[in-house]
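Asker: One-letter residues, chain by chain:
2 protein chains.
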Amino acid sequence: MARRKDKLSLGAFLLFTGHHVAAWRSKDASDSQTLQDFVQFARLAEDAKFDAVFLADQVGVKIDRLNAASRKAHTGVYPFEPLTLLSALSAVTSRIGLVATVSTSYNEPFNVARQFASLDRLSGGRAGWNLVTSTDASAALNFNHDGLIPHADRYARAEEFADVVNGLWDSWEEGAFLRDRADGRYFDPAKLHVLDHRGRHFKVRGPLNIPPAPQGRPVVVQAGSSEPGKALAARTAEAIFTAQQTLADAVAFYADVKGRLAKFGREPDDLKILPGVFPVVGETESEAKEKFDYLQSLISPEVGLDLLATFLGTTEILNADPNGPVPALKETEGGKSRQALLVDLARREGLSLRDLYLRIAGARGHWQVVGTPSQIADQLEERFENYGADGFNIMAPTLPTGLEDFIRLVVPELRRRGLFREEYEGRTLRDHLGLRRPQRRKPAAVAAE
Amino acid sequence: MARRKDKLSLGAFLLFTGHHVAAWRSKDASDSQTLQDFVQFARLAEDAKFDAVFLADQVGVKIDRLNAASRKAHTGVYPFEPLTLLSALSAVTSRIGLVATVSTSYNEPFNVARQFASLDRLSGGRAGWNLVTSTDASAALNFNHDGLIPHADRYARAEEFADVVNGLWDSWEEGAFLRDRADGRYFDPAKLHVLDHRGRHFKVRGPLNIPPAPQGRPVVVQAGSSEPGKALAARTAEAIFTAQQTLADAVAFYADVKGRLAKFGREPDDLKILPGVFPVVGETESEAKEKFDYLQSLISPEVGLDLLATFLGTTEILNADPNGPVPALKETEGGKSRQALLVDLARREGLSLRDLYLRIAGARGHWQVVGTPSQIADQLEERFENYGADGFNIMAPTLPTGLEDFIRLVVPELRRRGLFREEYEGRTLRDHLGLRRPQRRKPAAVAAE
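Chains G and F, in that order, are what the protein sequence lines are. The first sequence begins at 1 in UniProt numbering and counts up by one. The second sequence begins at 1 in UniProt numbering and counts up by one.
Heads up, a few of these hints could be off.
For chains that are exact copies, the list does not tell them apart, and a pair is met inside one copy or across any two.
Calculated cross-link-like contacts (lysine to any residue; reagent style SDA-like; alpha-carbon spacing at most 25 Å) [claimed, not checked]: (1) Lys-191 to Gln-33; (2) Lys-263 to Ala-182; (3) Lys-230 to Pro-327; (4) Lys-5 to Arg-43; (5) Lys-7 to Arg-416; (6) Lys-27 to Gly-147; (7) Lys-191 to Leu-318; (8) Lys-230 to Glu-160; (9) Lys-27 to Ile-63; (10) Lys-230 to Arg-415; (11) Lys-203 to Ala-156; (12) Lys-49 to Glu-173; (13) Lys-5 to Glu-285; (14) Lys-27 to Arg-185; (15) Lys-203 to Glu-108; (16) Lys-203 to Ile-63; (17) Lys-203 to Pro-150; (18) Lys-203 to Asp-64; (19) Lys-191 to Ala-2; (20) Lys-203 to Thr-314.
The hints are simulated quantities; they were obtained by calculation from the structure and are not laboratory data.
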């Protein structure tokens with residue numbers, strides 16, 4: 001197979017004090033509680049020419065599992081809300097993309113469209129929206145629901161939500177705001193498009209009350225790998241943040257999703273596949289393994305089972321024997337694809353509950369690589385060259401140290417192999433990712449009275 | 001009467017290119033379309049030791065009045081969304097308060113509570129929320145409604161919304177997050193308070209998924225001066241942004257609102273009265289008048305009538321003769337107090353529609369002062385010393401020039417009179433405004449399982 005001519009993308013996934021569930025207990029992690037911590041992380045990634053920083057999110061705290069949760073940082077209590085944090089970072093960075101997770105389940109599309117357009121304008125075209133549905137019953141209880149919205153309903157709402165947001169982003173054409181001081185015309189009504197959306201979940205007239213975003217539309221990212229998730233991504237996403245454990249699965253997923261695009265008049269390059277990678281890097285194999293073992297040693301059993309319960313979307317296993325196998329599970333209304341990935345993994349490798357929670361404590365269901373810079377670069381290169389990924393979201397085990405390790409040790413190796421940029425070539429997140437500006441839809445302009 | 005011992009507060013109201021409706025056409029105004037413009041404005045105000053910058057907001061564009069609107073900037077199209085813009089400013093300022101308008105009509109209280117708590121954490125305790133209800137039918141159409149929510153319903157929702165937000169801000173006590181690396185306890189369940197709100201408009205369990213805000217609760221500001229507005233402010237607001245034309249009205253309003261506080265167990269100092277002031281400052285009276293006349297000359301009649309229609313909450317006058325009187329108006333479901341203030345003003349002074357729109361084109365129903373630094377300082381001092389105000393929201397006619405004028409000419413005069421601070425004494429917006437930290441409510445802590 002000929003080598004790919006494009007370069008790979010790198011995102012910095014900034015989760016708490018690091019991606020490992022016990023990162024906050026590590027001597028190598030910062031507290032990650034202040035804006036200055038996140039400024040440091042974002043500048044590290046920007047200096048290394050990463051495409052973006054990426055913030056996860058949830059909107060509920062699992063108080064029903066409080067005793068176990070009291071031992072872990074990852075309870076749904078985030079130090080900042082993502083859109084406000086990335087807005088702050090927009091003022092002190094200049095090139096790196098800023099991707100925030102915001103749920104379609106408990107927001108109004110007008111507000112989401114407006115805040116992302118605002119972030120895109122604040123940052124000069126660096127905003128991305130990770131569109132998720134909320135898979136967590138604790139969140140539903142904060143938004144007038146008595147329990148989780150069923151999976152199918154969440155996706156139907158998400159699809160309509162994405163349509164409304166995209167439509168609102170098209171409200172004003174470039175050049176609609178004339179600001180002609182002499183003539184006194186502030187804007188040109190002929191360049192205004194009124195959405196007038198009336199659907200099953202939303203009635204939204206528009207237009208969006210903000211001038212056009214520098215990127216036309218902020219980049220839309222999605223994370224779902226379930227069947228409805230892939231269907232939604234093929235129709236509306238421009239990057240997909242996914243998790244496959246093996247090269248074969250990654251290649252199959254890549255081909256599956258890219259193959260769905262033509263149906264919507266899209267090209268394969270209109271959607272980038274960016275799986276998460278949890279890298280533990282050492283100058284030597286034994287140093288890498290030592291770092292990883294140290295982090296694993298910080299996990300208490302109740303934290304491990306609690307984390308696993310979240311990932312499996314069930315509390316059934318909370319009181320199970322950690323040395324026993326994964327029991328048969330009821331179907332969940334939570335993240336279906338995540339449950340299936342983990343159950344498959346346990347079956348395939350004969351893992352106990354403890355084995356399984358140790359396996360996900362770092363990567364959280366994503367791909368885990370532990371080794372030397374060249375071992376890690378080999379694996380990333382293999383996935384990239386075999387069309388299993390267009391790039392990777394780097395889930396540093398600890399922040400900032402794990403990110404520093406990756407940048408100091410692995411990035412130069414990727415550059416030596418011609419796989420990653422030396423300098424930014426463009427100014428926007430679309431430029432970095434190699435994404436075209438999406439075509440505007442063409443609703444009729446509103447006739448001025 | 002003995003002189004007041006406290007000092008007055010100053011806010012910088014940052015509206016578009018300046019508060020005057022034709023500011024954007026002025027040779028003295030910036031475009032105010034980039035983050036850097038707003039950084040400049042905020043730093044000007046911070047260098048002058050203002051208490052806060054203040055952002056207004058709307059969430060709809062009045063497309064039914066598009067031809068007139070095409071001639072003015074103030075159509076509801078804001079260059080940025082307020083929370084994202086203030087978050088960006090939090091990273092490049094260090095002392096000034098950051099107050100954003102967010103409506104209770106079309107948001108979820110959990111999201112609003114969280115974003116303001118996040119802004120408070122980003123800024124080290126400088127966040128304020130200007131709680132409004134949306135008085136604009138164009139906004140309703142963007143949020144699943146077929147028309148404006150009736151006034152009484154908006155206020156009932158706002159009251160419950162404020163209760164939920166305040167309750168959510170009390171979710172975690174100071175010290176709830178232990179982050180004890182050795183012991184492995186991340187937080188202390190005994191310092192968690194679960195709201196479990198079940199009301200007419202909202203069911204919100206909580207807790208809020210963010211650590212406590214530095215101010216305990218961000219400062220709550222309100223703008224309504226109607227009867228339900230004053231009632232809501234007396235119960236929940238800590239600052240009130242109001243508009244009275246005369247000293248007598250200002251003193252009466254001040255006494256009325258402060259007199260309502262005891263009923264809720266609050267002290268007069270727990271609520272600051274901060275009316276808007278539109279100052280046109282000149283070194284001489286004739287220079288001030290010249291500046292003002294220049295701005296007034298930039299207003300076209302269709303812009304004037306359109307602005308007036310917005311303020312009266314009716315389109316009835318759009319095609320009226322500008323030289324005729326204000327006709328009898330139908331009662332509005334929009335901002336009742338604003339309509340009444342303007343109709344009273346026109347009756348009292350026998351103003352034509354044109355006279356009235358010229359009167360509001362700058363101050364927009366707020367108090368307009370045109371003169372020399374000492375004339376303006378005299379008027380501010382009179383209102384302050386007579387308990388008609390605790391401070392003022394400065395609505396610069398043009399940005400940055402009008403704000404620069406006020407800071408260069410009027411602020412030193414206020415300082416000479418001992419009315420305004422020379423330096424910041426505290427670090428938070430509460431410190432600047434002289435507001436106590438509100439008492440936490442004491443719901444029972446959730447028992448850990």
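Asker: Confirm or reject each hint.
Answerer: Here is what the structure says about each hint:
1. For the identical chains of this complex, Lys-191 and Gln-33 are inter-copy neighbours only, at 18 Å across copies versus 44 Å inside a copy, given an alpha-carbon limit of 25 Å.
2. For a Cα distance limit of 25 Å, the shortest separation of Lys-263 from Ala-182 qualifies neither inside one copy, at 49 Å, nor across copies, at 55 Å.
3. Within a single copy, Lys-230 and Pro-327 get their C-alpha atoms no closer than 28 Å, and across copies no closer than 59 Å, so neither meets the 25 Å cut-off.
4. Taking the shortest Cα distances, Lys-5 and Arg-43 never come within 25 Å of each other, neither inside one copy (28 Å) nor across copies (47 Å).
5. Within a single copy, Lys-7 and Arg-416 get their C-alpha atoms as close as 12 Å, which meets the 25 Å cut-off; across copies the closest is 63 Å, which misses it.
6. In this assembly of identical chains, Lys-27 and Gly-147 lie within 25 Å of each other by CA distance neither inside one copy nor across copies; the values are 39 Å within and 57 Å between.
7. Taking identical chains as interchangeable, the C-alpha atoms of Lys-191 and Leu-318 lie at most 25 Å apart only when they sit on different chains, with a minimum of 24 Å there against 57 Å within one chain.
8. For the identical chains of this complex, Lys-230 and Glu-160 are intra-copy neighbours only, at 15 Å inside a copy versus 40 Å across copies, given an alpha-carbon limit of 25 Å.
9. Taking the shortest alpha-carbon separations for Lys-27 and Ile-63, neither the intra-copy value of 28 Å nor the inter-copy value of 58 Å comes in at or below 25 Å.
10. When the C-alpha separation of Lys-230 and Arg-415 is checked against a cutoff of 25 Å, the pair qualifies neither within a copy, at 32 Å, nor between copies, at 64 Å.
11. Taking the closest pair of Cα atoms, Lys-203 and Ala-156 come within 25 Å of each other both inside a single copy (15 Å) and across two copies (23 Å).
12. Taking identical chains as interchangeable, the C-alpha atoms of Lys-49 and Glu-173 are never at most 25 Å apart, the minima being 31 Å within one chain and 40 Å between chains.
13. Taking identical chains as interchangeable, the C-alpha atoms of Lys-5 and Glu-285 are never at most 25 Å apart, the minima being 31 Å within one chain and 70 Å between chains.
14. Taking CA atoms no more than 25 Å apart as the test, Lys-27 paired with Arg-185 passes between copies only; the shortest distance there is 15 Å, against 60 Å inside one copy.
15. Taking the shortest alpha-carbon separations for Lys-203 and Glu-108, both the intra-copy value of 10 Å and the inter-copy value of 17 Å come in at or below 25 Å.
16. In this assembly of identical chains, Lys-203 and Ile-63 lie within 25 Å of each other by CA distance solely across copies; the values are 17 Å between and 34 Å within a copy.
17. In this assembly of identical chains, Lys-203 and Pro-150 lie within 25 Å of each other by CA distance both inside one copy and across copies; the values are 22 Å within and 19 Å between.
18. Taking CA atoms no more than 25 Å apart as the test, Lys-203 paired with Asp-64 passes between copies only; the shortest distance there is 18 Å, against 36 Å inside one copy.
19. For a Cα distance limit of 25 Å, the shortest separation of Lys-191 from Ala-2 qualifies neither inside one copy, at 46 Å, nor across copies, at 60 Å.
20. Proximity of Lys-203 to Thr-314 under the C-alpha cut-off of 25 Å is restricted to the inter-copy arrangement: shortest distance 24 Å between copies versus 35 Å within a copy.
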